[in-house]
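Build the full structure now, drawing on both the sequences and the hints.
Chains D and S, in that order, give the protein sequences. Numbering of the first sequence is given in this note's numbering, commencing with residue 1 and proceeding in unit increments. Numbering of the second sequence is given in this note's numbering, commencing with residue 1 and proceeding in unit increments.
In case anyone wonders, no lab produced these hints; they're calculated from the structure. Check before you lean on any hint, since a few could be wrong.
Since copy identity is lost for identical chains, a pair holds within one copy or between any two.
Calculated pairs, SDA-like style, for lysine to any residue (alpha carbon to alpha carbon, straight line, at most 20 Å) [what the hints assert, rightly or not]: (1) Lys311 with Arg601; (2) Lys123 with Leu449; (3) Lys599 with Gly446; (4) Lys73 with Thr662; (5) Lys224 with Ser275; (6) Lys284 with Ala379; (7) Lys129 with Thr662; (8) Lys61 with Gly665; (9) Lys301 with Thr662; (10) Lys616 with Asp565; (11) Lys586 with Pro625; (12) Lys301 with Asp660; (13) Lys311 with Thr598; (14) Lys86 with Arg601; (15) Lys311 with Thr662; (16) Lys133 with Gly76; (17) Lys616 with Ala136; (18) Lys32 with Leu164; (19) Lys568 with Asp481; (20) Lys599 with His631.
Just so it is clear, the structure is predicted and the values come from calculations on it, not from any experiment.
Number of protein chains: 2
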Amino acid sequence: MNYLKKVVLVIFCAFFSLAVMAQTHPSLMLTKANVVAVRKGVATYPLLRQSYQTVKNVADKALAAPIIVPVPKDGGGGYTHEAHKKNYSNMLSAATAYQISGEKKYADYVKNVLLNYASQYQKWPLHPKSKNKADAGRIFWQCLNDFVWQIYTIQAYDLVYDALPASDRKTIETQLFAPILKFFTEDKREVFDKIHNHGTWNLAAVGISGYVLNKKEYVETAIKGSKKDGKTGYLAQIDQLFSPDGYYMEGPYYQRYALLPFVLFAKAINNYEPSRKIFEYRDKLLAKAIQTSLQTSYTDKTFFPINDAIKDKTYESIELVYGVDLAYADIKPEVDLLDIARQQGRVIVSDAGLKVAKDLAAGKAVPFKYQTLFIKDGAKGEDGGLGILRNGPNTDQQAVLLKAGSQGMGHGHFDRLNLLFYDNTTEIFPDYGSARFHNIDTKNGGGYLPENNTWAKQTVAHNALVVDQTSHFNGELAPADATSPSLLYFSNQPNLKVVSAKEAEAYADVTMVRTVATVKVDGLEKPLIIDVVQGLSANQHQYDLPFWYQGQLVNTSFPVSATTDGLKALGTENGYQHIWLNASNKLQNNTGLVGLITKNRFYTTHFASSNPLEIKLVTIGANDPEMNLVHSKAFMLRSSGSNQTFVSIVETHGEKDPVDETVTGAQASVSDVRILNSDEKQTAISFMLNGKTHNYQINYTDKQNYVYFR
Amino acid sequence: MNYLKKVVLVIFCAFFSLAVMAQTHPSLMLTKANVVAVRKGVATYPLLRQSYQTVKNVADKALAAPIIVPVPKDGGGGYTHEAHKKNYSNMLSAATAYQISGEKKYADYVKNVLLNYASQYQKWPLHPKSKNKADAGRIFWQCLNDFVWQIYTIQAYDLVYDALPASDRKTIETQLFAPILKFFTEDKREVFDKIHNHGTWNLAAVGISGYVLNKKEYVETAIKGSKKDGKTGYLAQIDQLFSPDGYYMEGPYYQRYALLPFVLFAKAINNYEPSRKIFEYRDKLLAKAIQTSLQTSYTDKTFFPINDAIKDKTYESIELVYGVDLAYADIKPEVDLLDIARQQGRVIVSDAGLKVAKDLAAGKAVPFKYQTLFIKDGAKGEDGGLGILRNGPNTDQQAVLLKAGSQGMGHGHFDRLNLLFYDNTTEIFPDYGSARFHNIDTKNGGGYLPENNTWAKQTVAHNALVVDQTSHFNGELAPADATSPSLLYFSNQPNLKVVSAKEAEAYADVTMVRTVATVKVDGLEKPLIIDVVQGLSANQHQYDLPFWYQGQLVNTSFPVSATTDGLKALGTENGYQHIWLNASNKLQNNTGLVGLITKNRFYTTHFASSNPLEIKLVTIGANDPEMNLVHSKAFMLRSSGSNQTFVSIVETHGEKDPVDETVTGAQASVSDVRILNSDEKQTAISFMLNGKTHNYQINYTDKQNYVYFR
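Written out as structure tokens, the structure is:
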């Protein structure tokens with residue numbers, strides 16, 4: 001250990017000598033020049049006052065309790081894990097309280113915690129609960145958490161720097177930060193140079209620390225990679241991890257998480273080296289990433305839970321508080337961002353938070369501008385993307401998502417052309433998200449459950465087409481990561497919004513095409529959703545199209561005759577082993593309807609099939625010995641043939657007023673849904689509505705007249 | 001028909017000649033003397049302004065649409081049903097708008113609707129959808145709805161009376177109200193004289209109409225019964241339908257509904273004949289009934305859903321708006337009622353609403369005072385009751401209900417000593433309520449589903465003790481209605497709240513005793529709930545104690561090994577046929593625990609049994625061919641013996657912060673729950689908490705030292 005210490009010191013001093021920048025503290029989210037203004041803002045603007053009060057409460061609670069820096073022992077959610085998380089959060093709160101209140105006790109607290117870590121850190125080996133050496137941290141079971149720890153802690157250090165005696169600073173820098181940075185850049189070099197969000201956290205921690213500790217060498221490697229050749233490092237991460245639209249391939253839940261190190265490091269770069277114009281980099285990519293993060297949320301504040309998402313995550317999350325504050329204050333003051341800030345209910349006590357709180361107090365906010373758009377995926381924007389169709393005001397928005405993006409690596413699900421539907425501030429056709437009780441130790445240590453692979457990732461767990469009861473790409477990651485769906489058409493007209501995409505690789509001999517449109521029709525309050533799913537093949541296949549739904553089934557065009565005893569699983573693998581088959585019906589004329597009531601509103605799905613049609617009513621829970629799965633239910637359309645087309649028209653209608661006990665508009669209006677023809681070139685359907693026949697046509701080969709509706 | 005018309009006219013004129021009271025209009029909720037003040041109040045007090053705006057919006061919408069008075073045809077939730085409901089609501093809104101705005105167009109609307117009804121009513125036979133002659137209405141399938149229609153309509157008539165030409169009044173009174181009142185008092189005399197809430201609606205409609213139409217004879221019969229002997233009628237209903245504590249035996253959902261005719265008629269009596277001192281009647285019974293209605297709700301605004309309740313019903317319901325306004329303005333201005341009014345978000349545009357809105361605007365509201373109390377059931381207060389234990393502020397209240405009241409007639413469930421548990425503004429151990437999709441025509445016409453009898457009413461559907469897989473009283477109403485549980489003990493100390501009750505008749509040879517306590521213990525944020533359930537018998541029995549729960553199962557002291565395929569029903573009758581048996585475990589040492597996470601908080605139930613213990617994890621849905629049942633799940637304790645005691649200690653702990661993704665206090669603290677002894681005289685248990693042994697003792701025969709805790 002003594003030898004190690006020496007090596008660290010030597011390296012540290014070497015880096016020290018390279019220092020060239022003038023040092024002012026603090027210089028990150030809160031800057032010395034702005035402290036007085038922020039203090040005044042805390043006294044003046046409600047949201048900043050509230051936000052500071054929360055920070056101060058955390059700080060005061062921390063100061064009232066003994067400092068505990070336990071030897072790392074527990075995995076995610078466990079005691080030492082939570083204690084170390086609490087420490088960095090406490091330090092940042094106390095350090096902020098120091099700057100705003102000027103009370104030295106807060107700085108002393110940070111100093112004492114840091115000195116405690118400094119006295120122990122070098123004795124800690126790799127974390128005993130780590131799963132493998134590559135991912136192992138020292139404070140936490142995953143090094144990712146160590147990176148996060150450092151990002152918070154270095155900010156705290158920057159805030160209290162001037163209040164600390166030089167001797168303590170030296171102890172902290174040489175015995176804690178130096179070995180940490182060595183650990184990050186040397187032991188974790190592979191992660192440091194990996195184009196992956198773990199890499200971003202690592203290099204952002206290193207880069208920000210480099211600025212604060214005046215170690216330019218660390219900044220350089222963070223920005224340009226350990227070889228300083230730009231092939232890895234921060235800029236390479238911006239180039240490769242995001243699409244030109246600012247979309248992060250793992251999906252919104254991870255995008256939100258990945259965002260924080262990007263924006264924090266950007267802010268540091270911008271403060272220390274404004275000449276780098278980091279916010280302008282790649283056509284304002286970071287601003288787009290923040291915007292896209294918000295555009296991949298629904299009006300209930302949650303992110304679209306595609307891939308391994310934790311479903312209750314919202315844009316109230318701290319990463320987006322940073323993101324929104326910085327986007328507004330440092331990049332472009334779009335006033336609809338203030339609406340998000342208001343809903344977040346907090347700002348960062350910082351230069352940016354001041355500006356946001358001030359403008360909110362001045363009444364500048366307008367409702368957030370949710371858009372209908374196609375968000376391109378892939379570093380070059382060539383890997384498909386997400387089609388999002390929205391209608392109505394934020395207070396009662398209809399949103400439809402077509403997932404036509406890339407696999408998104410290990411957290412991706414096998415759900416090409418998956419459809420999500422939201423309305424009335426709730427999920428109607430949801431995605432399961434991940435099978436995980438995050439941070440709950442008694443459920444597999446808070447990690448992913450076995451059912452994340454056997455269920456959540458499988459195609460049938462989604463509102464996606466399943467061929468022959470197998471998952472897309474046979475559930476194999478490598479081929480799935482290799483290709484992406486392609487966008488066929490996107491259009492955003494007030495009365496007709498359309499997204500159409502194709503997936504030709506998920507199955508050996510089946511091409512899937514899904515075209516989703518929202519259509520405003522006279523006499524209906526909400527647009528109809530017309531969903532046309534094709535499976536095109538030269539060979540015979542079985543096609544399943546599940547619609548997982550929220551709410552209660554209250555209407556069917558067919559007599560439901562559910563299994564009364566001896567409930568059986570629908571299959572044996574690919575997720576089907578988890579499905580209980582409750583009821584099954586062959587449908588006359590290949591059409592039918594299913595009516596739901598969800599959050600006091602009615603949703604009737606009218607469907608038709610080009611081949612003989614069966615409907616299955618299902619729930620999950622089979623082959624789940626530990627009862628890990630969360631109750632879910634679906635109606636599943638099943639048909640067989642070579643070419644197959646499913647048409648579904650979702651009608652939103654009526655409501656139940658539970659307080660007044662009245663029901664209106666319970667009856668659906670659409671009827672007689674017919675597939676007139678459907679092949680590779682065209683799908684034409686008709687339906688009746690209020691005595692009138694409507695026609696809807698998709699011309700797959702004619703981009704000029706792709707969709708026709710009358 | 002002509003003959004009928006003549007008879008009606010003769011009777012009507014006969015009554016007319018008896019009129020003695022001076023007539024002023026309006027004289028009900030809104031009185032002529034107060035109109036100017038209420039108009040001013042509408043301009044001044046936010047809640048009154050808002051409430052009027054809502055009323056006016058309804059009125060304006062009504063005026064903009066054609067008047068439709070369809071020939072009655074459809075059942076509950078159907079087109080004509082909803083149209084006639086809308087008409088009375090529209091009339092009352094328009095009539096109110098007339099008084100406040102002074103605009104005659106509103107009065108004309110009411111006149112035109114009434115004239116339309118007057119032109120048709122006498123042609124309408126009994127409703128074609130009525131199930132039997134006794135219940136049949138003419139406007140609606142159930143006469144109950146006709147009574148309600150008249151109560152709303154007569155108020156509207158009173159409000160526009162002065163604006164109507166005498167000739168139109170004559171038409172309306174002779175061709176509409178006269179035949180309606182004849183129908184109510186003669187054709188529906190049996191209902192009129194029935195001590196039941198349908199009777200209350202009938203006589204209140206008749207009585208209020210009597211006042212407004214100046215037909216004292218109708219008032220007299222309404223108050224004293226058709227024979228005017230006081231054996232039936234309004235006062236008899238007050239005497240017999242409520243307990244001395246103001247509890248209505250059918251339960252909170254029906255209490256709320258039953259309340260409206262009581263308070264509306266009381267208000268009319270008070271206005272027209274204040275000398276009757278109706279609000280003072282039976283020791284201010286009506287005020288108690290309103291208060292009890294609120295005390296049988298939880299802080300999420302819903303009523304405790306015992307018996308055939310519709311679960312989403314809240315005290316925002318119009319009946320309670322009337323109730324709260326009148327209680328505050330006409331009976332006693334308890335300022336905590338203003339808190340309820342504020343949450344209701346509306347007042348009646350009336351004399352009472354003015355007072356409430358004014359005092360709310362003056363900042364007089366304090367949080368509603370939820371109490372820990374035992375609410376006596378039965379006309380004489382001798383039929384058991386509801387024990388309600390509450391802890392904590394309204395913003396985060398723990399509430400436990402022990403249902404130890406009477407059966408409550410046909411809407412009663414067979415759930416003696418049922419336990420409900422609420423916390424964190426949500427249900428933790430819920431009641432299923434009724435099996436019904438209220439007013440949704442496609443689900444059995446909106447009426448009760450078959451599963452209301454086969455499931456919802458059965459004992460096993462509740463958190464109640466089931467002996468030998470049979471329901472209490474074998475699910476038979478007559479014997480159940482004949483007896484009630486008895487209260488053994490009730491105590492309300494700050495740190496120890498207890499309710500204990502006995503049910504000796506539900507099973508032939510088993511006496512059930514349940515004692516529920518909330519116990520504050522140092523070191524725990526929330527009180528522990530200690531639940532001791534005994535089955536006492538000379539003979540061997542199987543005892544099942546289910547805990548239906550909300551949330552996700554995240555911890556068990558035993559390995560869960562759920563059935564993976566071929567799920568089987570747990571039984572064949574008494575509700576057991578609807579239960580899927582997911583998993584079953586024999587427990588070592590007759591103890592164990594089950595941990596839940598519900599709305600981001602942890603609940604661990606530690607249990608112990610005096611006999612060998614099995615636990616079953618179950619869900620419902622078996623033998624439900626039409627998939628009528630709403631997903632529910634439970635853990636069920638099972639044991640066999642002669643005397644049996646189940647002890648359950650529910651510990652509330654920790655939380656998950658989904659925004660910050662942190663989990664704290666996930667580990668329960670209680671351990672080593674032991675039953676030291678348990679018989680007819682005493683139950684003694686011990687458990688460990690934070691290194692200390694606690695003892696809890698119930699002395700069933702010693703009222704002075706009934707419960708001991710240390």
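Results for each hint:
no.	hint	result
1	Lys311 with Arg601	between (22 Å within a copy, 16 Å between copies)
2	Lys123 with Leu449	neither (33 Å within a copy, 68 Å between copies)
3	Lys599 with Gly446	between (30 Å within a copy, 17 Å between copies)
4	Lys73 with Thr662	between (57 Å within a copy, 18 Å between copies)
5	Lys224 with Ser275	within (16 Å within a copy, 92 Å between copies)
6	Lys284 with Ala379	within (15 Å within a copy, 75 Å between copies)
7	Lys129 with Thr662	between (57 Å within a copy, 19 Å between copies)
8	Lys61 with Gly665	between (53 Å within a copy, 17 Å between copies)
9	Lys301 with Thr662	between (29 Å within a copy, 19 Å between copies)
10	Lys616 with Asp565	both (17 Å within a copy, 18 Å between copies)
11	Lys586 with Pro625	between (32 Å within a copy, 16 Å between copies)
12	Lys301 with Asp660	between (28 Å within a copy, 14 Å between copies)
13	Lys311 with Thr598	both (18 Å within a copy, 15 Å between copies)
14	Lys86 with Arg601	between (42 Å within a copy, 19 Å between copies)
15	Lys311 with Thr662	between (32 Å within a copy, 15 Å between copies)
16	Lys133 with Gly76	within (17 Å within a copy, 67 Å between copies)
17	Lys616 with Ala136	neither (46 Å within a copy, 40 Å between copies)
18	Lys32 with Leu164	within (16 Å within a copy, 76 Å between copies)
19	Lys568 with Asp481	neither (34 Å within a copy, 41 Å between copies)
20	Lys599 with His631	both (17 Å within a copy, 15 Å between copies)
Hint violations for this structure: numbers 2, 17 and 19, all remaining hints satisfied.
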